[in-house]
Amino acid sequence: MDTSTVDAPPVIAKPVPKTLAALADEDGMPLQPNAPSAPRANFKSDFWLPIPSLFLPGFGQYFQGEWVGLGYTGAAFAGIYLSVDATSRLADQDAGFDPSRLFDGEDWDVRELTLGSMLYQGSGFLSAYSAFRSSVPLFQKEDGRYRFLKARESLGDMALAPVRFGHLGKASTFVPLGLLAGVLAYLVIDERSTHSGSDWAFSADDLGYSGPLAYNAGLTEEAVFRGWLLPVAYEYSKRSWWFANGAQAGLFALAHYNRANPVPWPQFLLGWYFGSMTRKNGWTLSESIFLHAWWDGLLFLSQALTSRRVDGGSAFRIAFPLPL
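Under the working numbering, the first residue of the sequence shown carries the number 2, and numbering increases by one thereafter.
These are calculated hints, taken from the structure and not from any lab test. Please read these numbers as outputs of a predicted model, since none were measured by experiment. Hints may be right or wrong, so weigh each one.
Said to hold, decoys possible - Once the Cα atoms are required to be at most 27 Å apart in a straight line, the calculated BS3-like pairs of lysine-lysine come out as: (1) 281 / 171; (2) 281 / 151; (3) 142 / 281; (4) 239 / 151; (5) 171 / 151; (6) 239 / 281; (7) 142 / 239.
What the hints assert, rightly or not - Derived CB-CB ranges, DEER-like: (8) 257 / 56: 46 to 56 Å; (9) 193 / 240: 45 to 55 Å; (10) 198 / 68: 50 to 60 Å; (11) 155 / 256: 36 to 46 Å; (12) 170 / 56: 33 to 43 Å; (13) 142 / 208: 42 to 52 Å; (14) 191 / 243: 31 to 41 Å; (15) 208 / 256: 23 to 33 Å; (16) 49 / 201: 28 to 38 Å; (17) 260 / 179: 30 to 40 Å.
Just so you know, even glycine gets a beta-carbon here, dropped at the ideal spot from N, CA and C.
From just these sequences and the hints, can you work out the full model?
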């Protein structure tokens, strides 16, 4: 029997399953869930683990089986200790504790209270951010969500961001910092010339106080607002950029509301800019952390340089309105 005319059975190609690393988002960029810095979380959550972590630093990490949470908890307890220790001494003073003295930066009891409070808050911010980012690979794998988050920075990379001066080579950082430095230089020179002969309160201690405050703001506020809240808002709004960036910028402004700053529009604009910078950089935070930290550092320095002693006392006061 001649079998040359018999058609061979068709070969059905089996579909090759795509790995998560081969998937791409709408920009065509591959995901990187197995990056060395990405921890393996046992649970995923973008709200109910990060939110408690804001107030109980380390909570999300313990729940995910990551003992790095001990670092966040330890930092939080150190902040609480400093705050309680300073508050007790302030309360024992003859005048009692006056909340308005929080702006008296030359009083080291007040400074200790402020730094302790910022340490506690910052540890919660980083814990919340870490709990969310540890969940991202599982969200990507199981639900196909947050696929626009293609890379993850390690906490070490973020911590070193304020000293990565290569960011000054980017117009997005150099231009705003240069403009701010120019405006502040003019205001400081004008203030000091107007009150020439005054007993200025600036000292090296001011750098030791304002430096950590600026560093904390740049690192931890970028982590929680641009590292957590911005991508969550972007995902839940079905990737509506205007809504997501406006929402996180609004929350950022609200967090800076106080009696001295009843309409925090500068913070809204800064939050919007930092959010846009984060997206431009592939949702990484290094440049925004650098800009935020040095922005605040220049502002704090200008305040210290324009503080002068009045009536025998001293005041770390704002000599002109500044968008902190």
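Satisfaction of the hinted span 23 to 33 Å by the C-beta atoms belonging to residue 208 and residue 256: At 25 Å between Cβs, range holds.
Residue 243 and residue 191 - C-beta distance against the hinted 31 to 41 Å: With Cβ atoms ~39 Å apart, the hint holds.
Residue 155 and residue 256, beta-carbon distance inside 36 to 46 Å? violated (26 Å)
Quick check: does the Cβ-Cβ distance between residue 198 and residue 68 fall within 50 to 60 Å? With a Cβ separation near 58 Å, residue 198 and residue 68 satisfy 50 to 60 Å, so the hint holds.
Within 30 to 40 Å or not, the Cβ separation of residue 260 and residue 179? holds (32 Å)
Taking 27 Å as the top limit, are the C-alpha atoms of residue 142 and residue 281 close enough? With a Cα-Cα distance of about 24 Å, the restraint between residue 142 and residue 281 holds, given a limit of 27 Å.
Check the hint pairing residue 171 with residue 151 against an upper bound of 27 Å on the C-alpha distance. Holds, at about 22 Å.
Need the status of pair residue 281, residue 171: alpha-carbon distance at most 27 Å? The given pair, whose Cα atoms are some 12 Å apart, holds under the 27 Å limit.
Distance restraint evaluation - residue 257, residue 56, Cβ atoms, bounds 46 to 56 Å: Distance hint for residue 257, residue 56 is violated at roughly 19 Å.
Tell me if the straight-line CA distance from residue 142 to residue 239 falls inside 27 Å. holds (18 Å)
Does the structure keep residue 281 and residue 151 at a Cα separation of 27 Å or less? holds (13 Å)
Range agreement (Cβ of residue 201 with Cβ of residue 49, hint 28 to 38 Å): Taking Cβ atoms as reference, residue 49 and residue 201 lie about 50 Å apart, which means the hint is violated.
Checked against the numbered hints given earlier, the structure breaks hints 8, 11 and 16 and satisfies all the rest.
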